[in-house]
Amino acid sequence: MNRINRALAQDKKLISIYFTAGYPQLEDTTEVIKRLTDSGTDVIEIGLPYSDPLADGPVIQKSSEQALRNGMSTKKLFQQLEGIRDHVDIPLIVMGYFNAMLQFGVEDFCKECEVIGIDGIIMPDLPIDIFEVDYKELFEAHGLKFIPLITPETSANRINTIDALGDSFVYMVSSSSTTGGQQGFGDEALSYFKRLADMQLTNKLMVGFGIKDALSFEQASRYTSGCIIGSAFIQTLTKTGLDGIPGFIQSLK
Amino acid sequence: MSKYSANDKGFYGDFGGAYIPELLYPNVEELRQNYKQIIATDDFQKQFKSLLKDYVGRPTPLYLAENLSEKYKAKIYLKREDLCHTGAHKINNTVGQILLAKALGKHRIIAETGAGQHGVATATVCALMGLECIVYMGAVDIERQAPNVARMKMLGATVVPANSGSKTLKDATNEAIRDWINHPKDTHYIIGSVVGPHPYPDMVTQLQSVISKEVKTQLLEKEGRELPDYLIACVGGGSNAAGLFADFMDHEEVGIIGVEASGKGVETNESAATTILGREGIIHGSKTLLMQNTDGQITEPYSISAGLDYPGIGPMHANLYKTGRGKFVSITDAEAMEAGLELSRIEGIIPAIETAHAFAIFKYLDFKEDDVLVFNCSGRGDKDLDTYRTYFGY
Ligand SMILES: Cc1ncc(COP(=O)(O)O)c(C=O)c1O
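Chains as they are written, first to last, in my numbering: chain A, 1 to 253; chain B, 1 to 394.
There could be a bad hint or two in this list.
Unchecked claim - BS3-like cross-link-like pairs, simulated, lysine-lysine; straight-line CA separation at most 30 Å:
no.	chain 1	residue 1	chain 2	residue 2
1	B	Lys-216	B	Lys-264
2	B	Lys-213	B	Lys-322
3	A	Lys-239	B	Lys-167
4	B	Lys-71	A	Lys-136
5	A	Lys-62	B	Lys-185
6	B	Lys-327	A	Lys-204
7	A	Lys-239	A	Lys-13
8	A	Lys-136	A	Lys-13
9	B	Lys-73	B	Lys-36
10	A	Lys-204	A	Lys-239
11	B	Lys-36	B	Lys-363
12	A	Lys-76	B	Lys-167
13	B	Lys-222	B	Lys-185
14	B	Lys-368	B	Lys-73
15	A	Lys-136	B	Lys-9
16	A	Lys-194	B	Lys-53
17	B	Lys-167	A	Lys-75
18	B	Lys-167	A	Lys-62
The set of hints was computed from the structure by calculation and includes no laboratory data.
Excised from the complex, chain A in its bound form (with noise of 0.2 Å):
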């Protein structure tokens, strides 16, 4: 089984973990696998930095630009990675941008994926329509789950197409927002919560965008999987560094 579906199997609320690799330094980023992992976090999202990222607020937009003056890059990531299986059993994600991917082959990207140990890719601007016809059967073949995103604003017809693209879990974006732009919830955001819960999806939901506390943790994942956290932990890692690392896992519980 997928480390993904058998983290989804267990009976708690996942901690998914967001972080740039190769922040705040460039060999950090097998160090920030560990350190999570030691420290009970379920899922890692392994965030290969670019440019342009679109869907990101500040904080991520600068560690993004940090990662990269400090020399990050795809093929560096990739040899950073190798042998963490030595180490770490929980699942691996990686997120990015797409064009990345497109540059460094799309097939050779799966291969060195597989390779390492990654169980699944979030590519926010990967469309669903060309992961489906051109993509889909590359993945999977590499044994790589695609993980959609999902808004408030995605239609019940859109969400079961999304539904039926992957058996893993479905990214729900909290509110309409870049990442890390949500001050607490309210009652909008936590009835699209229950209303997704209800629709009973093959794929079970992990929320991200917005989460940085026990609070927001608590009721973001009250009928979901889970959450991802991405701004909040990079703050913190600016802030005290990796020795920060299990006091923020501690107090998201």
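Dock chain B with the ligand against chain A, hints included.
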């Protein structure tokens, strides 16, 4: 429908499409489903034509530049888009898009701008229609295009500096797209060129194609024929070029020439000559030619002209280039500045620096004496006086 136009998925050959985050899907989809039908209504056409005529000042003249013709031994016409209200072709598009925005019930308008011409053109139509206007502009461009910043403010727009990346047009566009993600319901994004996800390249081309249509009629009047031998326009994203080329693309006997900015030269790291330095990739939701490193990180472009300082070109132009239908030439800062000075001196027309690039091609291309050339004189140089003054020491 031209074979060089977008298909119904927004592809021009290998280029185009809508590579957008799901977060943008509803916004773009609403536009895609409605733009053709709205543009086709009598109501839209009536208002659009009337505004172009009485507000923008169309048709713009097709002027036979005799001195320039004499000097370069060809019959040279200038399509005087510089005489449009607000000083450039950009307003043709913003008039059309503001009518679309109204038809879609949007009351908040966002735009990106490089030279500030598109920002001014957007702020202008927002003032006219009483809609809120927010313009994203690179911090570097805010400095070098100060008069246009003042104009936007006077017109009631909010100008938001883009401080990420190279702080120019690409980054302003990123910020505008992020704004749109954050405002999926009440906001229309008026893109200023033939770039971005489908349907923008097609929609903006349609709205700018009035240039092409007028040239046909005017040439028939002046030359007894509709078709010129060559069309020449500068290409940043490529909207003035698309507007000039639109109705001529299927006439293969008409030569199409796009002029890019090579900045300090294509061999330096400071250039914006996309067809030479770019490879296929994705920028702002469109697959096109794009300046990028081997990893797909977008390269920061450079040109003295803010309006050409963009690392990509519209997908229609990428396809014209790849199929060989269009020829692309690149012009340095220095060549463009000299051409701008020359047009001022011999025709009494001070062009925008973007536009000046087009007039510098004579060094690289030979024409026959009876060749009819139509240049898109896309904008006037008022906004660039500081740059010209500093450069020439006036
Ligand atoms: C006068 C003028 N010409 C050309 C351009 C370049 O844009 P496009 O390539 O879309 O025509 C600009 C952009 O600001 C402009 O102001």
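Structure-based check of all given hints:
1. B/Lys-216 / B/Lys-264: violated, 36 Å
2. B/Lys-213 / B/Lys-322: holds, 25 Å
3. A/Lys-239 / B/Lys-167: Holds - the C-alpha atoms of B/Lys-167 and A/Lys-239 are around 26 Å apart, at most 30 Å.
4. B/Lys-71 / A/Lys-136: violated, 59 Å
5. A/Lys-62 / B/Lys-185: Between A/Lys-62 and B/Lys-185 the Cα gap is close to 28 Å, so the pair holds against 30 Å.
6. B/Lys-327 / A/Lys-204: violated, 52 Å
7. A/Lys-239 / A/Lys-13: Measuring from Cα to Cα gives roughly 27 Å; hence the hint holds.
8. A/Lys-136 / A/Lys-13: With Cα atoms ~28 Å apart, A/Lys-136 and A/Lys-13 stay inside 30 Å; holds.
9. B/Lys-73 / B/Lys-36: Answer violated: B/Lys-73 to B/Lys-36 is near 42 Å, above 30 Å.
10. A/Lys-204 / A/Lys-239: The hint is violated at about 33 Å.
11. B/Lys-36 / B/Lys-363: Violated - the C-alpha atoms of B/Lys-363 and B/Lys-36 are around 41 Å apart, more than 30 Å.
12. A/Lys-76 / B/Lys-167: OK: A/Lys-76 and B/Lys-167 at ~27 Å, within 30 Å.
13. B/Lys-222 / B/Lys-185: violated, 48 Å
14. B/Lys-368 / B/Lys-73: holds, 7 Å
15. A/Lys-136 / B/Lys-9: Since the Cα atoms of A/Lys-136 and B/Lys-9 sit roughly 19 Å apart, the hinted pair holds (cutoff 30 Å).
16. A/Lys-194 / B/Lys-53: Status violated; Cα separation ~53 Å.
17. B/Lys-167 / A/Lys-75: OK: B/Lys-167 and A/Lys-75 at ~28 Å, within 30 Å.
18. B/Lys-167 / A/Lys-62: holds, 14 Å
Hint compliance for this structure: hints 1, 4, 6, 9, 10, 11, 13, 16 are broken, all remaining hints hold.
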